[in-house]
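Participant: The listed protein sequences correspond, in order, to chains A and B. Here the first sequence is numbered in this note's numbering, starting from 7 and rising by one per residue. Here the second sequence is numbered in this note's numbering, starting from 102 and rising by one per residue.
The set of hints was computed from the structure by calculation and includes no laboratory data. Source: prediction; values computed, not measured. For each residue, glycine too, the CB sits at the ideal point set by N, CA and C. Among the hints, a few may not be true.
Taking beta-carbon pairs under 7 Å as the criterion, some of the chain B residues facing chain A (in silico) [what the hints assert, rightly or not]:
id	residue
1	Leu-139
2	Gly-143
3	Pro-162
4	Phe-166
5	Pro-201
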Amino acid sequence: AQTVTQSQPEMSVQEAETVTLSCTYDTSESDYYLFWYKQPPSRQMILVIRQEAYKQQNATENRFSVNFQKAAKSFSLKISDSQLGDAAMYFCAYRSVETSGSRLTFGEGTQLTVNP
Amino acid sequence: NAGVMQNPRHLVRRRGQEARLRCSPMKGHSHVYWYRQLPEEGLKFMVYLQKENIIDESGMPKERFSAEFPKEGPSILRIQQVVRGDSAAYFCASSPRQGPYNEQFFGPGTRLTVL
Numbered sequence: 007a008q009t010v011t012q013s014q015p016e017m018s019v020q021e022a023e024t025v026t027l028s029c030t031y032d033t034s035e036s037d038y039y040l041f042w043y044k045q046p047p048s049r050q051m052i053l054v055i056r057q058e059a060y061k062q063q064n065a066t067e068n069r070f071s072v073n074f075q076k077a078a079k080s081f082s083l084k085i086s087d088s089q090l091g092d093a094a095m096y097f098c099a100y101r102s103v104e105t106s107g108s109r110l111t112f113g114e115g116t117q118l119t120v121n122p
Numbered sequence: 102n103a104g105v106m107q108n109p110r111h112l113v114r115r116r117g118q119e120a121r122l123r124c125s126p127m128k129g130h131s132h133v134y135w136y137r138q139l140p141e142e143g144l145k146f147m148v149y150l151q152k153e154n155i156i157d158e159s160g161m162p163k164e165r166f167s168a169e170f171p172k173e174g175p176s177i178l179r180i181q182q183v184v185r186g187d188s189a190a191y192f193c194a195s196s197p198r199q200g201p202y203n204e205q206f207f208g209p210g211t212r213l214t215v216l
């Protein structure tokens with residue numbers, strides 16, 4: 007079974023600075039998808055960014071980018087020019103290509119605080 | 102196009118009562134996933150349904166929990182004889198087709214409190 011680990015329960019960053027959230031995962035599969043979700047105080051889950059494992063190029067969405075290291079099974083999220091609205095719980099998630107149904111397997115989350 | 106709807110948003114039950122959580126997927130979506138988030142934890146997969154079929158229920162507790170997604174109407178997650186350990190946020194997600202490349206769109210969740 008796949009597992010996702012986020013080793014940083016809490017992180018903080020100054021407004022306009024850059025922060026990196028860590029995520030590692032364990033799988034024996036060669037093809038899969040990785041995601042970062044944001045959960046603000048409203049608890050609504052919002053997709054931030056997605057990475058396909060067979061693509062070597064790191065995904066980027068505006069101020070959000072990932073560092074995908076397949077051999078190391080690492081998938082970190084970098085938030086540039088942090089804004090107060092970025093404050094939230096961030097979840098890393100794994101989704102299999104091979105398993106029917108393709109459930110999401112989530113990490114435990116990192117609570118990000120943005121200081122003005 | 103309205104997003105995924107869940108109701109109620111908050112539900113309070115006493116131990117031993119039944120809880121019914123409803124999820125209306127986005128228009129055109131026929132695949133529904135249920136996840137549970139215990140306090141201070143990440144979301145855990147419970148069940149995956151298509152219209153009238155349960156595809157994967159490997160994350161569902163063996164007793165007291167059931168789910169359905171009828172041909173007409175919302176998907177229902179039913180918890181019988183609730184216990185305090187069932188207190189959690191329950192999220193529903195929907196997607197238009199099967200497959201990992203299809204994004205799962207999440208609803209706002211139902212927060213269940215068992216007294």
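Participant: Next, verify each hint and record whether it holds.
Facilitator: Verification of the hints:
1. Leu-139: violated (11 Å)
2. Gly-143: holds (4 Å)
3. Pro-162: With a minimum Cβ separation of about 16 Å from chain A (threshold 7 Å), the hint on Pro-162/B is violated.
4. Phe-166: violated (16 Å)
5. Pro-201: holds (4 Å)
The structure shown violates the earlier hints numbered 1, 3, 4.
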